[in-house]
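S.K.: So you can see what is in the structure, the chains are spelled out below.
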Amino acid sequence: MPLDNVVFWVFAPIAVASAIAMLVQRNAVHAALLLIVNFFCIAVFYLLLGAPFLFAVQVIVYAGAIMVLFLFVIMLLGVDRGDTLRERLVGQRPAAIGLGLALALEVFFAVRAGVGFAAKAPVGFEKVNAGGNAQALARVLFRDYFFPFEATSVLLIVAAIAAMVLAQRKARAITQAGAEAAGRGEVA
Amino acid sequence: MIRLPLVLVFSALLFSAGVYGVLARRNAVLVLMSIELMLNAVNVNLVGFSAALRSLTGQIFALFVIAVAAAEVGIGLAIVILLFRNRETINVDEVNLLKW
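Residue numbers (this note's numbering), protein chains in the order written: chain A, 164 to 351; chain B, 4 to 103.
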């Protein structure tokens with residue numbers, strides 16, 4: 164068995180197990196930490212699939228920035244709020260199990276029809292990555308996908324401004340709303 | 004390199020776990036975290052196909068998905084904080100103003 168497959172079979176169960184453990188975890192902080200484990204495993208897969216630049220981006224952006232943001236908000240909103248996993252809809256669980264099995268079958272047949280389970284490992288990707296993965300990516304990104312790249316920068320600026328506007332404490336607006344509510348006879 | 008069918012089945016598992024989290028969890032922060040799980044599954048798929056087709060386009064798309072995910076998390080968490088400030092809860096079951 165080649166080394167790549169050994170690494171895959173070590174990290175794939177860890178990734179799936181941490182994802183499932185995150186879903187059944189009541190404590191939000193523990194769930195966030197399990198998600199970080201999952202992100203690191205996915206970063207290893209990027210390395211295996213010939214994408215070392217995405218490996219670095221995954222660790223820095225996801226495991227670093229995004230998860231710190233999540234943990235920050237969880238701490239801000241209080242960590243003692245337990246979440247119940249009890250289902251309220253009648254008959255949801257059997258229906259979910261049945262449909263999940265159907266989906267698994269569908270994935271099985273789709274993969275078998277599309278690429279085949281006997282597909283060989285892809286070869287010759289080193290030629291695409293010639294001169295370094297980051298350099299090759301930059302060549303494609305700035306030649307073929309320059310306009311989407313610039314659109315992404317606009318998107319990020321708009322998102323940053325929107326997050327700031329949404330989360331700032333609008334003292335005047337709140338007192339106005341309270342005055343209106345009091346005028347309608349409601350409890351502000 | 005890993006064989007493509009393994010990558011596809013693995014990312015399908017991760018995506019299904021994310022869908023379950025979005026549908027079953029009531030904590031809004033955990034719902035957002037499940038969405039991240041789904042986006043990551045999509046990224047694994049894109050990078051897997053990029054390797055199988057010997058083209059870098061898949062990796063470029065994964066980069067864009069990561070950028071959009073970062074923007075989405077910023078907005079999503081701002082909305083969660085706003086929700087908590089106005090309703091004193093981040094339980095998505097109790098936020099039913101738009102429910103008919």
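By construction, these hints were calculated from the structure, which means they are not laboratory data. Any given hint might turn out to be false.
Among chain B residues calculated to face chain A with C-beta under 7 Å, some are [unchecked claim]:
| id | residue |
| --- | --- |
| 1 | ILE5 |
| 2 | ARG6 |
| 3 | VAL32 |
| 4 | GLY77 |
| 5 | LEU100 |
| 6 | LEU101 |
Built from N, CA and C at the ideal position, the CB exists for glycine as well.
S.K.: All hints, please: hold or fail.
M.R.: Results for each hint:
1. Checking ILE5/B against chain A by beta carbon gives a least distance of about 5 Å; that is within 7 Å, so the hint holds.
2. With a cut of 7 Å, the hint placing ARG6/B at the interface with chain A holds, because the nearest CB-to-CB distance is about 5 Å.
3. Contact between VAL32/B and chain A, as hinted, is supported at the beta carbon level, the nearest pair being about 6 Å apart and thus within 7 Å.
4. Hint status for GLY77/B relative to chain A: holds, with the closest Cβ pair at about 4 Å, below 7 Å.
5. Interface restraint check: LEU100/B against chain A, minimum CB-CB distance 15 Å, threshold 7 Å, status violated.
6. Contact between LEU101/B and chain A, as hinted, is not supported at the beta carbon level, the nearest pair being about 17 Å apart and thus beyond 7 Å.
Comparing the model with each numbered hint stated earlier shows that hints 5, 6 do not hold.
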